[in-house]
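If you read the sequences in order, they're chains A and B. The numbering of the first sequence is UniProt numbering, which starts it at 1 and goes up by one. The numbering of the second sequence is UniProt numbering, which starts it at 1 and goes up by one.
All the given hints hold, so there is nothing to weed out.
Just so you have them, the derived chain A footprint on chain B, three or more residues with Cβ under 8 Å: (1) 134-140; (2) 229-237; (3) 265-279.
To be clear, the hints were calculated from the coordinates, so they are not data collected in a lab. None of the values given here were measured: they were computed from a predicted structure. Yeah, the Cβ is synthetic: ideal placement off N, Cα and C, and Gly gets one too.
What follows is the residue order along each chain.
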Amino acid sequence: MARYVANRLAQAIMLLVIVSAIGFAILHLAPGGPLSQFAVSGQMTQEDLDRVTRQLGLDRPLPIQYLDWFGRMLKGDWGKSYRDGEAVLSVISSHLGATLELMATATIIAVLLGCWIGILGALRRYSVFDTLATVGAMIALSIPTFWFGLVTIYVFSVKLGWLPAGNRQTVGDGSFLDLLHHLIAPAMVLALVETAMWGRFMRSSMLEVINQDYIRTARAKGLPEWRILTVHGLRNALLPMITVAGLQFPTLLGGALVAETVFTWPGMGRLFLDSIGYRDYPVVMGILMFSATMVLIGSLLADILYAVVDPRIRVG
Amino acid sequence: MATVALSTVQRTPGQAAWRRFCRHRLALAGAMIILVLVLGSALGPYFLPFDDTYIDIMKRFAPPLSGAHILGTDELGRDVLARLMMGGRVSLSIGIVAMVMAMAVGIVVGAFAGFYGGAVGAVLMRLVDAVLCFPTIFLLLALAALTEPGLVTTTVLIAATAWMAVARVVEAQVRSLREREFAVAALAFGSSNLRIMFRELVPNAIAPIVVAATLNVAKAILLESYVSYLGFGIQPPAASWGNMLNNAQIYLTSAPWLAIVPGVAITLAVTSFNFLGDGLRDALDPRMNIP
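All chains should be modelled from the sequences, with the hints used to inform the complete structure.
This is the structure we're talking about:
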């Protein structure tokens with residue numbers, strides 16, 4: 001086990017280095033590169049720019065600059081926002097809560113609903129329910145999230161007036177019920193794609209398990225059907241879902257960005273788009289690196305957790 | 001010549017695949033819808049009396065079916081159907097061209113990684129893993145923000161964020177095909193590595209590649225709609241299905257058709273390509289040969 005974890009950890013660190021190199025390359029793609037904030041103002045002469053270049057160490061060879069930049073990232077110095085001079089990491093962390101709230105709610109909806117649909121579909125394979133669920137999942141995966149958000153706003157806010165059209169809370173109100181009221185629509189929209197994914201994976205995992213020999217053995221022993229399905233079937237079918245959670249993470253983050261935009265949800269995705277609008281490159285880069293690192297850690301945790309609950313994995 | 005009457009009908013693998021495909025009704029429906037969308041976008045504008053960029057401020061917000069404008073007009077009085085068709089040209093072309101570019105990169109990276117394995121393969125596939133760490137929309141928007149928006153940039157950027165899945169598929173295929181007799185035979189004939197890769201191995205992996213390509217078109221159309229909706233893709237006055245939705249949210253209360261019409265077109269196109277890919281997977285993969 002220790003060897004597996006160490007192995008997986010080494011892989012993750014190597015990936016982090018490549019991820020950071022990609023991030024660094026994108027940073028230098030920016031018009032004017034890291035100097036753009038000074039070039040934009042137009043008040044600096046070429047001499048000033050050259051001086052700043054030297055001061056910031058931008059005249060050094062790229063690999064050295066990269067190591068320097070990477071070292072500062074590791075120490076938590078992610079630069080300052082062009083907009084208000086606040087440290088990038090603290091800007092991100094102040095928006096992270098709203099995003100995590102949205103993602104967690106959507107995930108809970110998606111896991112419960114998706115697993116239920118998937119299990120039922122597998123048990124009644126090719127039934128009307130299963131067919132509808134399969135076709136429905138494919139359509140759900142094809143609907144642009146933002147458009148589904150617009151339709152949701154139109155139906156539930158404009159026509160029915162049941163739900164607010166955006167924001168995290170009513171100004172001046174901040175009660176739990178008010179927060180919940182605002183959370184429903186964006187969480188629902190974000191959960192759509194997730195539910196479809198979870199349903200599909202759960203269905204195939206359950207199908208694989210219920211065709212195993214040990215299920216036949218359980219039947220032969222005369223165990224009651226519910227016990228076979230839950231204790232023997234479901235317990236095993238749920239294990240690979242840990243990997244799905246890890247795999248789904250980038251999609252979930254991307255979906256959150258879109259849902260936040262449509263519902264003016266004050267999270268990290270919204271911050272990302274605003275920062276792009278302001279050409280606030282340090283924050284844009286910070287969020288890009290932050291989300292990639294989160295994805296990396298997510299898949300690492302999923303792999304380790306899977307190995308903990310399913311010892312068969314460690315051998316491979 | 002004595003002929004033996006056989007009770008079974010002999011079919012080439014191609015015919016068998018075609019029959020399996022035709023049995024997949026949703027894939028057939030998808031193919032039809034794609035055909036309608038492509039023909040409608042390509043030829044439709046020639047039959048319409050309206051230009052997609054013609055502004056008629058007197059006829060703003062005409063609802064669908066209320067007069068000459070079948071799908072109504074937008075906030076500048078432009079005909080929505082004309083914009084939908086011209087937007088379809090842009091969105092569908094981006095979907096196809098970005099797919100071709102993503103396939104090219106993905107096939108080359110996957111073939112090299114799968115064929116050489118070892119250090120080369122490890123480095124290339126770790127690169128794929130690393131790019132996959134970035135949530136696609138974040139990466140796409142960050143790159144779009146750093147470049148001049150437009151048709152070419154949008155297409156290239158979508159391809160740049162969509163080639164990894166193909167590379168994984170091709171790598172796995174090439175890695176396993178490399179050990180097969182025909183590949184070893186080609187090596188014994190003295191074929192060059194490049195020739196073995198692209199004339200022997202990749203063509204034998206064509207089935208999963210075609211499936212991946214179809215799903216890739218769906219993904220590219222979806223991504224175009226995201227970036228254009230957010231304002232970093234196709235720029236007005238040119239229409240795309242994504243940027244038609246750009247202003248739709250403001251007029252959601254008064255002119256809901258502006259939001260509904262392009263969204264339905266996107267969903268229809270993406271769903272169709274996804275079902276087509278699904279059907280092709282069933283048709284081209286004989287191991288899935290279930291009635």
